[in-house]
Every structure is written in structure tokens, then in C-alpha cells.
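**Q** Spelled out from the first residue to the last, the chains are:
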Amino acid sequence: MAVCIAVIAKENYPLYIRSVPTENELKFHYTVHTSLDVVDEKISAMGKALVDQRELYLGLLYPTEDYKVYGYVTNSKVKFVMVVDSSNTALRDNEIRSMFRKLHNSYTDIMCNPFYNPGDCIHSRAFDNMVTSMMMQVC
Amino acid sequence: MEGLTLSEAEQRYYCDLFSYCDTESTKKVASNGRVLELFRAAQLPADVVMQIMELCGATRLGYFGRSQFYIALKLVAVAQSGLPLRVESLNTVKDLPLPRFVVSKNEQESRHTASYASDADNPASYSGVIPPPPGRVQAKKGSVSHDAVQQRTSTDQQESTSPVVSPQQSPPTSPHTWRKHNRHPSGGNNERPLAGPGPFWAPFSEAQPGSSAAGDPIWSGHSPPPHQENWVSFADTPPTSTLLAMHPASVQDQTTVRTVASATTANEIRRQSSSYDDPWKITDEQRQYYVNQFKTIQPDLNGFIPGSAAKEFFTKSKLPILELSHIWELSDFDKDGALTLDEFCAAFHLVVARKNGYDLPEKLPESLMPKLIDLEDSAEVGDQAGEVGYSSSPAEAPPSKSPSMPSLNQTWPELNQSSEDTAIVHPVPIRMTPSKIHMQEMELKRTGSDHANPTSPLLVKPADLSEENKISSSVKFVPGNTVADGYSSSDSYTSDPEQIGSTVTRQRSHSGTSPDNAAPPPPPPRPHPSHSRSSSLDMNRSFTVTPGQQQAGVVAYPPAVPPRPQPSQGTGPHVHRPVDAEGLIAHTSTSPQQIPEQPNFADFSQFEAFAASGVNEEEEDEIETHPDVLQAEKPSDSASSLRAAKTEGRVEDKAATSVPNNTGKGTTPLAPPPKPIRRRLKSEDELRPEVEEHAQKTGVIAAVLASQPSIPRSVGKDKKAIQASIRRNKETNTVLARLNSELQQQLKDVLEERISLEVQLEQLRPFSHL
Chain L
1 MAVCIAVIAK ENYPLYIRSV PTENELKFHY TVHTSLDVVD EKISAMGKAL
51 VDQRELYLGL LYPTEDYKVY GYVTNSKVKF VMVVDSSNTA LRDNEIRSMF
101 RKLHNSYTDI MCNPFYNPGD CIHSRAFDNM VTSMMMQVC
Chain W
1 MEGLTLSEAE QRYYCDLFSY CDTESTKKVA SNGRVLELFR AAQLPADVVM
51 QIMELCGATR LGYFGRSQFY IALKLVAVAQ SGLPLRVESL NTVKDLPLPR
101 FVVSKNEQES RHTASYASDA DNPASYSGVI PPPPGRVQAK KGSVSHDAVQ
151 QRTSTDQQES TSPVVSPQQS PPTSPHTWRK HNRHPSGGNN ERPLAGPGPF
201 WAPFSEAQPG SSAAGDPIWS GHSPPPHQEN WVSFADTPPT STLLAMHPAS
251 VQDQTTVRTV ASATTANEIR RQSSSYDDPW KITDEQRQYY VNQFKTIQPD
301 LNGFIPGSAA KEFFTKSKLP ILELSHIWEL SDFDKDGALT LDEFCAAFHL
351 VVARKNGYDL PEKLPESLMP KLIDLEDSAE VGDQAGEVGY SSSPAEAPPS
401 KSPSMPSLNQ TWPELNQSSE DTAIVHPVPI RMTPSKIHMQ EMELKRTGSD
451 HANPTSPLLV KPADLSEENK ISSSVKFVPG NTVADGYSSS DSYTSDPEQI
501 GSTVTRQRSH SGTSPDNAAP PPPPPRPHPS HSRSSSLDMN RSFTVTPGQQ
551 QAGVVAYPPA VPPRPQPSQG TGPHVHRPVD AEGLIAHTST SPQQIPEQPN
601 FADFSQFEAF AASGVNEEEE DEIETHPDVL QAEKPSDSAS SLRAAKTEGR
651 VEDKAATSVP NNTGKGTTPL APPPKPIRRR LKSEDELRPE VEEHAQKTGV
701 IAAVLASQPS IPRSVGKDKK AIQASIRRNK ETNTVLARLN SELQQQLKDV
751 LEERISLEVQ LEQLRPFSHL
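Quick mapping for you: the protein sequence lines, in order, are chains L and W. So the first sequence is numbered by the UniProt record's numbering: it starts at 1 and just counts up by one. So the second sequence is numbered by the UniProt record's numbering: it starts at 1 and just counts up by one.
Incorrect hints may appear among the rest.
If the Cβ cut is set under 8 Å, some of the chain L residues that face chain W in the computed set are [said to hold, decoys possible]: (1) 22; (2) 123; (3) 125.
Computed footprint of chain L on chain W; a stretch qualifies when at least three of its residues, placed anywhere within it, have a C-beta under 8 Å from a C-beta of chain L [stated by the list, open to error]: (4) 323-330; (5) 333-339; (6) 352-359.
List of simulated lysine-lysine pairs, BS3-like, C-alpha gap at most 30 Å [what the hints assert, rightly or not]: (7) W:311 with L:77; (8) L:42 with L:77; (9) L:68 with L:42; (10) W:355 with W:295; (11) L:10 with W:311; (12) W:316 with W:295.
Hints listed in this document are in silico derivations from the structure and should not be mistaken for laboratory results. Heads up, the beta-carbon is just placed ideally off N, CA and C, and yes, glycines get one too.
Modelling step: build the complete structure from the supplied sequences, incorporating the hints.
**A** Printed below as a string of C-alpha cells:
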């Protein structure tokens, strides 16, 4: 159950960012923004030669005392960043992966929509529903 | 938590709510969507809700037990009454009204306005585009559930008065929950009222005034005739209270709040009566119109309309891009970026409906889902056609353009699917679509969560699809039921369990996502250990050579194999040897003699080879003597060389022993044979290796044996091996010694530097003191 989910475009601006409403959302926005650095670092660390083999799931980007940040980048350099509450210890790596997979699938569906121009903000209801299902269930 | 005293009404109400939220019947409610919806519908500020949750202990426990839930509800009531949230207030506040949730039947006006107001703030998409409808749609979702719950409680009390109320229980989001709803003990009431709306239909149809004012459907008297039941139910409820009266459409939309639940009723009735009109049904004339339009873009009715063409076409309708985007999402069933005829008709239908003021559904209506026109489906299609015809009779439902349509449809798919899940056997996927793979993927993805075995559909479908390829060219999708069920139900389950199927089947882009996808780089070649012994053994080479051992002489085997100095292990191999020897026995007649003797092992095979090759007996004699000599000379040595617990040792030994045999030859041809032998020995099937070894040795052994060295020679071979190892050790020693000296030198230099620096420091220090 994520606390915040963000989709970042290739140019590092957010296409979609949504967080649990009760928290200080700005804090999450800032966290996502800073995590982009880590994402870039991980991507560049792979090296050009390994671009093909590069795994899309980046794993834990960095942990803080309150939450952990996970990253996932597609082959088109669209990044998914997920902030997860640290207290939720039940979340395993596989679950995070599957959540990213779902995100990626939904994102692909959005891309297939001819009315969606790549680079636009994401307004899809289906995507919203999917993200809602993943978000931490806090009022 | 403190004891909580509840009035009877409260008790009942809370119990219903708890059952409603307890979707998994676990007697404790996790913070799932229902609870959240409930709390959200309470229209309390977020921090108040957090406070409530803390007070009731849910945050502590991580879930809502029954008591926590009750306490939470009570606190909601307290908060809604404007009282400060205190734990003490739980029991002290008397006559607290029941907590109100959005769009409850009991207090509609305030709640409706409040709910709409709050829903307007919903961050849901479309909120900016179409102010009222989305809000209401949201309200619908959130409120219906509570509505239903409220209804249940109210139905207990007012069963006779509002029979139509209770049907409004099914939340549009999940037929699953709706079904659960029904199963609830209090849900029994649902059944009864369901039948109610039916008879009411006719009389109430007139009762509905022209709230259908909003936009005239192009095709009058059909397209989505409102669910009469829905209108009926709303006719009962004070329509004024529900009216925000933004505009006629909004009026209808408001009723959608109710209609969501009534949709379930409608579905029930539909199923029961099978004469219900599907508001989303496409009439024949509509369909024809759509088909004609399709032809203007794509002459081939079985082909696709690419996304770009469709985009242009639908942009002409002047709907906002967001809505068109949503329509596309709904209608592009297989998510391939192109529209088939069915998809196109569905999209067109939605556009038309939208232009007429209808709300867009959250999920594709059942009737708009592309269906496979197949033999098995023909019944369904016929059914739907019948319904279409039915709906085309305008007289009954002209006035009520059902604003409820969208909401109804939202529940419809679920209901239908739920019923179809049980009633209709999923037809085997038939028609192949051009995007067969996509279909497969999508189906699997969609149905992955539903079907216990996501992989089986995958296996099934390709076969079926391939069959279907031959059958016809119609581009229909797999059975609408299967897909629809998968599709809708998967979408409807907001808390969808991991779609393993999707994981498995979604091959589109995520080849790199599986954790084990990235094949680990091949393990680096085993470094040649500097350990003299192992290096001398040259296991790597022997192993790598193994595959090629079949070919004699392929392997460049080092002639000198230092015997493993493991006298203690000699016995082990002995045991092995006999085993190996057993196999050899069959081949050689003299083997029994040599079995007990380790060194015989290698010789043994050689012996066999000899026998096989018909080598002269003198060699045999020599062999015979060999073991004796070997035994006499260095039994332990050979034993050790023969083997240790490791087969390698054995191999070595063999090699060693064979090496002596080779000594005479002084060549390495024997190397290969020992190698293969070694390899074979390593394998578990010793007999076979033995045989193979022998076979390999056949050719070589002949030569080898011919030059069978005397015992001293074999011993010499051992010595050679030892010497070779000694040599190697010496080399290593020298290298290390050199390294050591260099390092010593460096150390000396560094020390000198340090000393000089210290001296300088000392020189400077006096100055600092001055």
C-alpha cells in the first residue's frame, strides 16, 4: 500500500502524482523530486552497454525513517516512483514489483489511447482507479 | 476501549454497516475501500477522521474490529453533531443521531447537497471538465453503499413503505460486494424488494415527469431507456431533495445516485424477467448508422480503425478531449489502439449518449462490450437483439431518459457478470482477432485475477485461437462473457488481488521486469587456483574437457598428474573401485583379480580395453603385474592417487595409473582416455562411464599397453608428477618471494619517508615554540 505514487516523464516533470491525502502532500512531492536523482544515478550506473539488459525495476531507492522510496523506469525513460510507509513491513519486494507492473500496464493502456498525447498529464479514470487500489487505505 | 452502549437502532445500524464493510467476513475490517468510502461519505474533515480512527484504536490495531468499528461510527455521529471528539462522549452523549453518510435515505437533503459539495472536490478525473456529473458519479459510488446500508436498516423498519429502496444496495464498484451484500442476513430483504420494482414499472413510468428534458436522444424511444425501476424508486423518494437542479441533466444525474443501486434491481429484474430494457443497448437503426460511419473510415467491416483516424472522427463530435479519452478507454476493449466494428459502435454510442447528456459510465456497459458472434454466443446475441428490439419500443420509456443509465450500467456489468459467472459457461474463445496476441494477453490479464489458474487460459486460448483462425475472418473478440467478466470484474474489484495472469501474460513491454529476468552473467571462469595441488590436478581442464572426451586425443591432458597425497582416503576409493570394477567385470575376465586392488582400477579399464581390443595377453600379464607392483610399491600412494572421496581423485588416480601405462608411450595420447575415464567416474552412473572409458581406451590402451612400462616406470611417473608439482610449487614460491621482497622494499621506502618527515617536523617544532 503506497503512500504516494508518481509518474515522471522523461524530462523529469510529473505526469501524475498522487498521495494519500491526509499527509503533508508537499513533503511527498519533495521526496519524489529528490528521488529522481537517485533514479538517474541508478540508470547511469548501468552503463550504456547494459541498457538492453537493464531491469526496469530499480528497487529501493533510499529509505528514510518514515518511509521507503521505490523506483521503476521504463524503456522510454518514464519513471514510476512509489513512496511506501516504512511501518508497513508486510510489503515485500515482489509485491512492490507487482504494483509497478500494474502501474506499467495501466500506463501502457493510457498510451494506447489516441486522445492521450504523450507528455500530457494523465487524467484517466481507469488509471486513477488502479492507483487508488494501491494507495494506502487511509481516509 | 471503553464500553460502548448503543441504542437498539444504533446497534442495528452499526451492525449493518459492519457487515457491509466486512467484505471478507473476517469479523474484522481492514482499512479497505468500503470503510474509507464510509468515512469519506461521512463528510468529515480529514483530520477529524484521522482522529476518529486513532480514538477507536484502529490505527493501533491496524484494522477495525467490530468494537473499533462501532466506536468509530459513534464518533462519526458525534463529530457530525458538531460535538468535540472525546472518548467520553461516546457514552455520555445521549440521543445522538445515527451517523450520517452521504446520500443516505434517511436524511437526503442535507446529505445530498453535502455529498455533492464534497464530491465536487473529489480529485477524480473529469471533475474539472463536467462539474456535476462526475461529482455525482463519485457520490454514487460512495454513497450507494451507504445508501444501501441505510436502506437495509430502514427497510427493516419501513419495508412496506419503500420496497424499492433496498435494491439500492449494490455499490457499483463490485458485484462481488453486492453479492455479499445480498448474503448478509439483513440482505435478505433485498430479494423481496427486487421483485417490487417490476410491477411498479408500468405505473411509475408515467409518474416520471419530464426530467428527461435534458437533450433529446437522437434516436428517440430507445437508446438507453431508463430503468424504470430506478425512476420508480426515485419517484418515491422526494425528488426535490435530490435535486441540485443545476440543469435538467443534473436532475437526472442526481437520481443516478439512487439509480446506481436500482441498477442492481434492474439487473435482477432483467435477469428475472429478461424483458428489461438495456439503456445502453444499441438499436438496429443506431447500429446501422454506426456501421455506415465505420465504413466511411474503414471499408472493411472486419478491419480496424487506427487510433489516429478514430481520434479525428470523434474529435468532430466536439466533446472534450478528456471525455473522448475516457470513451476510448472504455471502448477499446483489447487495448490495441485501434477500433474494431464493435468497439467503434460502442464508442460511437457512448459519444452519442454523452452528447445527449448522459453520464459516461465508469465501465463499459454490458451491452456495449464486443461479443463474439459465435455459435455459442448466438443465443446471447439473439437475446440481446431481442432486448434491443424491446428497448426500441419507445412508448414505455420516452420521458425518462435515464440519467440513471450510466450508473445503472455501472452496476449492470457487474451483476451480469456475476450472474453469468454462474449461469453461463464461458464459451471457448473463438474468433481470432488480428490482435490475437493482445486479446490473449488482455484476457489473461483480465481474467487472471478471476481464474484460479491464470496460466491455463493462456494455454487454452492459443490453441483455440489458432483453431479459430481457420474458421472465420470475423474480427470478434473472445466470448464477451469471459472477457467481459474478466474485464469488468477485474476492474470492478478495486482491491484486485495481484493479477498473476497479467504478470504472466502481459508480454507487451515488461520483459525486463521479472525479477529473474536478468540472467546473471555467466559465472566467471573458475580461476585457476594457485593452490598447487588443485592446479596440478588441473580440474578445470579436466572438467572442461569432459564434453569432448568422447573423442580420444581431443583432450590435451597434462601427462603428469600429481597423485593426490591422501593415503587415508585410499580406502574410500577402494570401495568405489570395486563398484566400478563390477562393471568392468563383465568386460574382462581377469578383472576379479584386480578388483580389490586400487591401482588395478585404472589398469582394470585398460585391461578391459585390451580385452576388447584383443590386445595381446602379454599386456594382460603386465597389467596383472602392475597392480601387484603398484600395490607393493606404493599402495597408499596409488590409493591416494586413485582416489579420495572425490571422484576427481579417482579420476586422477586412474589418470595416474594410466599415466604410468602411458609412460612407455611417453606420449599424451593416453591423456584423453584417462580424462574421459575421470569424467565418467564422476558421473553417477559408473557403469556406463566405465564402459565408455574402456571403449575410449581401446584404441589408446593398445598402444599404451604395448609400451607398458615396468613397475619402476609407473613409479617414475608418479615421481614425475610429484616433481612437476614440486616444480610448480617452487615457481609459486619464487613469485611470492619476489612479491614479498618488493613489498618489503616499498615498506622500507615508506618508513624512510616517514622518518624524514618526522625529522622535518621536529626541526620545525622548535620554531613554533618560539
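**Q** Out of the numbered hints, which ones does the structure contradict?
**A** Going through the list in order, the structure violates hint 6 alone and respects the others.
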